[in-house]
Amino acid sequence: MINFLSWVLLLSGCFCVLISAIGLIRMPDLFTRMHAAGVGDTLGAILVIAGLMLQAGPTLLLAKLVLIMFFLLFTGPTACHALAKAALAGGEKPLLDDNNQ
Amino acid sequence: MPPLSAIVKPTTTNHQGILTISTGPTSDNRWLHAISLALTMAVIWFLLSGHTEPLILGLGAASILSITWLALRMDLIDREGHPIHLTFRAPMFWVWLGWEIVKSNLQVMKIILYPKLPISPRMFRVPVSQKTDIGRVLYANSITLTPGTISLRVNEHDIEVHALTQAGEDGLKDGKMDRLVTNVEGEQ
Amino acid sequence: MMFFVTVIALFPAMFLALGRAIVGPTLYDRVLAVNSFGTFTVLMIAVLGFMTDQTDFVDIALTYALINFIGTIAVLKFFVVGDFGYEEQRDQ
Chain A
906 MINFLSWVLL LSGCFCVLIS AIGLIRMPDL FTRMHAAGVG DTLGAILVIA
956 GLMLQAGPTL LLAKLVLIMF FLLFTGPTAC HALAKAALAG GEKPLLDDNN
1006 Q
Chain B
-14 MPPLSAIVKP TTTNHQGILT ISTGPTSDNR WLHAISLALT MAVIWFLLSG
36 HTEPLILGLG AASILSITWL ALRMDLIDRE GHPIHLTFRA PMFWVWLGWE
86 IVKSNLQVMK IILYPKLPIS PRMFRVPVSQ KTDIGRVLYA NSITLTPGTI
136 SLRVNEHDIE VHALTQAGED GLKDGKMDRL VTNVEGEQ
Chain C
5 MMFFVTVIAL FPAMFLALGR AIVGPTLYDR VLAVNSFGTF TVLMIAVLGF
55 MTDQTDFVDI ALTYALINFI GTIAVLKFFV VGDFGYEEQR DQ
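Going down the list, the sequences are from chains A, B and C. The first sequence begins at 906 in the numbering used here and counts up one residue at a time. The second sequence begins at -14 in the numbering used here and counts up one residue at a time. The third sequence begins at 5 in the numbering used here and counts up one residue at a time.
Since the hints were derived computationally from the structure, they do not count as laboratory data. Ideal placement from N, C-alpha and C gives every residue a C-beta, glycine not left out. Heads up, some of the hints might be wrong.
To be verified - Below, a list of computed lysine to aspartate or glutamate pairs in the EDC-like style, where the Cα atoms sit at most 16 Å apart:
hint: 1; chain 1: B; residue 1: Lys116; chain 2: B; residue 2: Asp163
hint: 2; chain 1: B; residue 1: Lys88; chain 2: B; residue 2: Asp155
hint: 3; chain 1: B; residue 1: Lys116; chain 2: B; residue 2: Asp143
hint: 4; chain 1: B; residue 1: Lys158; chain 2: B; residue 2: Asp143
hint: 5; chain 1: A; residue 1: Lys998; chain 2: B; residue 2: Glu145
hint: 6; chain 1: B; residue 1: Lys101; chain 2: A; residue 2: Asp1002
hint: 7; chain 1: B; residue 1: Lys88; chain 2: B; residue 2: Glu154
hint: 8; chain 1: A; residue 1: Lys990; chain 2: B; residue 2: Glu145
hint: 9; chain 1: B; residue 1: Lys116; chain 2: B; residue 2: Glu154
What the hints assert, rightly or not - With the C-beta cut set under 8 Å, the calculated list includes, among others, these residues of chain B facing chain A:
hint: 10; residue: Leu33
hint: 11; residue: Ile86
hint: 12; residue: Val93
hint: 13; residue: Leu98
hint: 14; residue: Ile104
hint: 15; residue: Ser105
hint: 16; residue: Pro106
hint: 17; residue: Arg107
hint: 18; residue: Met108
hint: 19; residue: Asn126
hint: 20; residue: Leu130
hint: 21; residue: Gly133
hint: 22; residue: Ile135
hint: 23; residue: His147
Here chain A stands alone, though its shape is the one from the complex:
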């Protein structure tokens, strides 16, 4: 049962990561690519690590995996925000829709 759940979590996590990478290639400009990268950084990482957590069982390993997950969730948005701010300061113009502004 746990093995089955672990399979499901790991495979759906890989699916999210793969779609995020496809989005990195397909999206037209920097800021939209950042949205695509966010998919892999949040849901992809959460699902893969949750799948590993089920395999680890109640040991110290579980605590380490929890720490990795929280670390990724705290630093992901910070790095993303820093990147967006640096790109705007560096004169990068976001691509906007025509009927909006």
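Given the coordinates of chain A, work out where chains B and C should sit on it, guided by the hints.
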């Protein structure tokens, strides 16, 4: 016991040499924050090492004590640096935020896989109602954590947001996340 | 078996991220792609540790997550400010 905070930190000078006086609850809870920082570090140290030999435990305790001392000396321990007051209200918010992350992730994944790539990127501003820096950071990070919206610039009154679709803009503008973050922050 | 499948499934994603880092038109695209690549690498190291039953790999994954974040911030700071140091002049 005399108020230790009065001895250690009556006034401080910043790096430009201008005298600033520390006020408010920051200096009162200084020792409480130091103890909680040391305990947090001890728990994390044990979880990461898993050793129980006396020598290794002693080395761990020594490093924790020296880091706490350094943090006290560098004046890094305050409400903002180690926010224990947020801990008790946060779990319910995390559960809500987790559900939001799953929902917005599914939307963005659908957009990426759709052959015509139906995006309409837009920039707009949302007002913030948080009063402290840490509340605004929490709000901006929550916005970025849900894919489909990214916070670009933050100031005291509003956050500039880049959204991928109209739905993302609408979801943010109804102000539910803002209210919940203010609730977690709990400052009046 | 399940870890092996996961590792194989992570490979194409890493290749695509690497492709964006190489093509990238601007510097910021490359930094973004490298950051994503780092996140995928953290996941892959953790899964590889489980696959080979060497759970010490999880510690390496944790360290890699830390270094990935600090490296991204350092690169951005270097290209925006042009310097890793702190300039007091800028605050005044």
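Evaluated hints:
| no. | hint | verdict |
| --- | --- | --- |
| 1 | B/Lys116 <-> B/Asp163 | holds (12 Å) |
| 2 | B/Lys88 <-> B/Asp155 | holds (14 Å) |
| 3 | B/Lys116 <-> B/Asp143 | holds (12 Å) |
| 4 | B/Lys158 <-> B/Asp143 | holds (12 Å) |
| 5 | A/Lys998 <-> B/Glu145 | holds (14 Å) |
| 6 | B/Lys101 <-> A/Asp1002 | holds (15 Å) |
| 7 | B/Lys88 <-> B/Glu154 | holds (14 Å) |
| 8 | A/Lys990 <-> B/Glu145 | holds (11 Å) |
| 9 | B/Lys116 <-> B/Glu154 | violated (23 Å) |
| 10 | Leu33 | holds (7 Å) |
| 11 | Ile86 | holds (5 Å) |
| 12 | Val93 | holds (5 Å) |
| 13 | Leu98 | holds (6 Å) |
| 14 | Ile104 | holds (6 Å) |
| 15 | Ser105 | holds (4 Å) |
| 16 | Pro106 | holds (6 Å) |
| 17 | Arg107 | holds (5 Å) |
| 18 | Met108 | holds (6 Å) |
| 19 | Asn126 | holds (4 Å) |
| 20 | Leu130 | holds (5 Å) |
| 21 | Gly133 | holds (6 Å) |
| 22 | Ile135 | holds (6 Å) |
| 23 | His147 | holds (5 Å) |
Of the numbered hints listed earlier, the single one contradicted by the structure is hint 9.
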